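Chemist: Model the full assembly from the supplied sequences, consistent with the hints where possible.
One letter stands for each residue in the lines below.
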Amino acid sequence: MEYEFHAHRITGGIGADDRFWESLEEGEFRLPRCADCKQWMWPAHFRCGHCGSWEQLWEPVEMSGRIYSWTRAHYAFDRTKERAEDVPYVVVVAELPGADGARVVGALAGPDSGVRCGVEVRGHIDPPSAKSKGYPAVRWSVVD
Amino acid sequence: MVNTMLRGTTAVVGVSDTPWYKRGTSGEPALKLVLRAIVSAAEDAGVDPSEIDGFVSYGSERNDGQRMMPALGTKELRFGALVWTHGGGIPGALGLAATAIVTGQANVVVVYRAMSEYRGRRLRVDVAQDDTSPQHLVNGLDSPAQLCALRSMRLIEAEGVPARTLRDMALASYHHARRNPRAIGRDTELDAETYEESRWVSEPYHLFDCSRENDAGSAVILVSAERAKDLKQKPAYLLGAPMGAASGWGMREESGNPYWSAGFQGVADRLWADTGYGPGDVDVAQIYENMTGMGVSALIEHGFCTPEGAGEFVTFDNLIAPNGGLPINTSGGNLAEGFIHGMSLVGEAVRQIRGTSTNQVPDANLSLMTGGPGDPVVSTALFASAAAL
Ligand SMILES: [Zn+2]
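In order, the protein sequence lines correspond to chains V and G. Per the UniProt record's numbering, the very first residue in the first sequence carries number 1; after that it's consecutive. Per the UniProt record's numbering, the very first residue in the second sequence carries number 1; after that it's consecutive.
Any given hint could be a false lead.
To be verified - These stretches of chain V come out as covered by chain G in the derived footprint (C-beta under 8 Å, 3 or more residues):
| no. | segment |
| --- | --- |
| 1 | 13 to 27 |
| 2 | 63 to 72 |
| 3 | 112 to 120 |
Unchecked claim - Facing chain G, from chain V, some residues (calculated, C-beta under 8 Å):
| no. | residue |
| --- | --- |
| 4 | Trp58 |
| 5 | Asp78 |
| 6 | Val91 |
| 7 | Gly106 |
| 8 | Lys133 |
| 9 | Ala137 |
In case anyone wonders, no lab produced these hints; they're calculated from the structure. From a predicted model like this one, the values you see are computed outputs, not experimental measurements. Here a beta-carbon is modelled for each residue, glycine too, at the ideal position from N, C-alpha and C.
Modeler: Right, here's the structure in full:
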């Protein structure tokens, strides 16, 4: 599959996460880990601050964890106008035990009544769309 | 150990804000607004604007000293710098100005910020500096209100800090604005019911939890403590203004620790160590509140209370002048006076030392100003009267 997000590149942040988005476009959820000391490093960076290695492994991680925090947005701000029709919508920060507690953001899919810190969530991947600014996107759903 | 090089060796001697305009209505670009603020701060201090030889700002400020020289009649520009990153950098800008003075690089340094939507961008976009990560924007997170909301939600649901503390921060700011004729929110009678019924912006934030966007300019002038004695105003001595980020902080998107932090872990400890004072000594505080909940986190990290004790400390009665235990945001702050990226909080911290606030705290000798909370790097400053040097 041809990478879509490269054509819509968002330039803010650290900028070492291309492989994350490429993996999502391939339908796989992968997070970076130091190739030498095996420390998980998310958000992705260019060098491991623990051991100094410049090499990363992008390992498949189970899309399963708990809500670390969340917010229900009641307003579509300037750069996320694509979501105006979804307002109010919930965005979740999920903590993933499969990657030493790395926290990965995703918009909630499904009912939002049970949303609370500590609640179990499962993830899936949405293909690139206008709503996610041309990027593929992680979605979290509350586990009943 | 007390930092003897910076403690009390410089002072703020001039302060000024332009009037506050609803965003986009000033009819003047930011450069003209900041010139007005700087000239007026110089008049306040009793120095000629042409004598200003140092220029320090922060965030997305683009009105650099070299651009203002022709209009100020600058005799010589000797020092200029922009401090990282966003509003977290304000006290750090004061600290850098002080460093320039005590090391003999400059004599009269202005610290300033101006914003205007007249010929400018939407202020909240400008302030973000195009530095929001894909992980945020892709998933519907854009505004600082949303990013701060995530942290405050954790503070409430996992740390057990009552949501009511956010409301009381807002009520205290709006209460103070009622007595400040310059405050843009002076006519808003905010009570608990109006707050609770106001619309949500991003839970747990209501409309009244969020700072404003205004066209305005704001400036303060620093000189050496020695020079300050000969000028017009009662000096507000700078005791300390550390900046920084602890090891779990910095730019970590949603994986920083502690997550509810405003960024002051270690930085606040250094403020107390540098100045020889502690939270219990502070008479009045200007707590940068882009959003109320981040102000609560800043209070906790400065040691005014623990997360467990926040419900007891962060109450309306305790936060208001003149008799609260810690009156905060006595001009109305970013919520109710107006917002120029937090800069006007410095002026109010100084007015408390001078004794000229519209919500004056009696005998205020130690005045705190904390920088923009939640920034990947932050800073915090303590001012003193001569009596507290
Ligand atoms: Zn390593």
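Chemist: What are the numbers of the hints the structure violates, in ascending order?
Modeler: 4
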